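Residues per chain are reported as follows:
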Amino acid sequence: MTALLTPFAALAQVTTEHTFEVPANVVFYVVAAFMVFAAIRVVTTDNIVHAALWLIVVLAGVGLNFLLLQAEFVAVTQVLVYLGAIVVLFLFGIMLTRAPLGRADDLDNDQRPIGIVVGVLLTSVIGFAVIRTFGSDKLTFEAYAGPMAEAGNQRTTALANEIFGPQLIPFEVLSVLLTAALIGAIVLARRD
Amino acid sequence: MLLNQFLLLAAILFSIGVYGVIVRRNGVLVLMSIELILNSVNINLIACSAPTTASVGRCSPCS
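Just so you know, the protein sequences line up as chains A and B, in that order. Going by the working numbering, the first sequence opens with residue 1, and the numbers climb by one from there. Going by the working numbering, the second sequence opens with residue 193, and the numbers climb by one from there.
Quick caveat, the hints were computed from the structure, so don't treat them as lab data. Bear in mind that the values here come from a model prediction, so they are computed numbers and not experimental data. Glycine residues also receive a C-beta, built at the ideal position from the N, C-alpha and C atoms. Heads up, none of these hints are tricks.
Here are the in silico distance ranges between beta carbons for each label pair:
hint, chain 1, residue 1, chain 2, residue 2, range
1, B, Val222, A, Glu172, 27 to 37 Å
2, A, Thr156, B, Arg217, 38 to 48 Å
3, B, Arg217, A, Val26, 31 to 41 Å
4, A, Val22, B, Gly219, 41 to 51 Å
5, B, Arg217, A, Glu172, 33 to 43 Å
6, B, Gly219, A, Thr156, 30 to 40 Å
7, B, Arg217, A, Gln167, 30 to 40 Å
8, A, Leu91, B, Arg217, 12 to 22 Å
9, B, Ile226, A, Ile116, 13 to 23 Å
Where chain B lies over chain A, by a calculated footprint (3+ residues, C-beta under 8 Å):
hint, segment
10, 31-40
11, 52-62
12, 70-77
13, 113-122
14, 125-133
Taking beta-carbon pairs under 7 Å as the criterion, some of the chain A residues facing chain B (in silico):
hint, residue
15, Ala24
16, Val43
17, Asn65
18, Phe66
19, Gly93
20, Ile94
21, Ala99
22, Leu107
23, Asp108
24, Asn109
25, Asp137
26, Leu139
Sequences are here, hints too, so could you generate the full structure?
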């Protein structure tokens, strides 16, 4: 009888523990499957607009991954910047250039075997290295009650302290670099 | 959750992006593949800064 009940005891222990391990894992694997499928569609579809729309799925999945990793600020930034700006920028770029809007047969070159070999090799090498290095390292999160709880804001506070403290000079250098790139793009685009 | 599952997802996305860069001929599609690569790197950074309170991507084989 005890042997029969052992799995249920383990289940009861899991459900009574205040953890979000199991639902987080379920959400992760569902989102990961969607992301991989959408990424493959991005690089294989023969319609540029469809590729941009599949890219939305990948970027939203990345945002959900950030939420799972309890990086709320980065997740919101991901949605604002990537879903709100970059995808719209891609769509405008497609419309304003001479890219073919419908189906097109000449989107790929003839290097598909090389691409597949390189992709599989990269996946296996990186995967082997990651599994070898990190093994079964667990992420240690504390669950927190409510969105404004102290533990919830801790990571955003730490991020702000890090950016505007020790990393201030790289941050400013990046700002100047982006401004320089913007001015350079304007200069290149003007045909005077 | 394991740290590995995020890193492996990022590795798969990275490889798909590299495949796209190699295979695609259109410039906009190459840029989209580069976006895939950049996003996988972002997942890596966030995942590696998750277990500790330090928020910079210090990806060291820790505990």
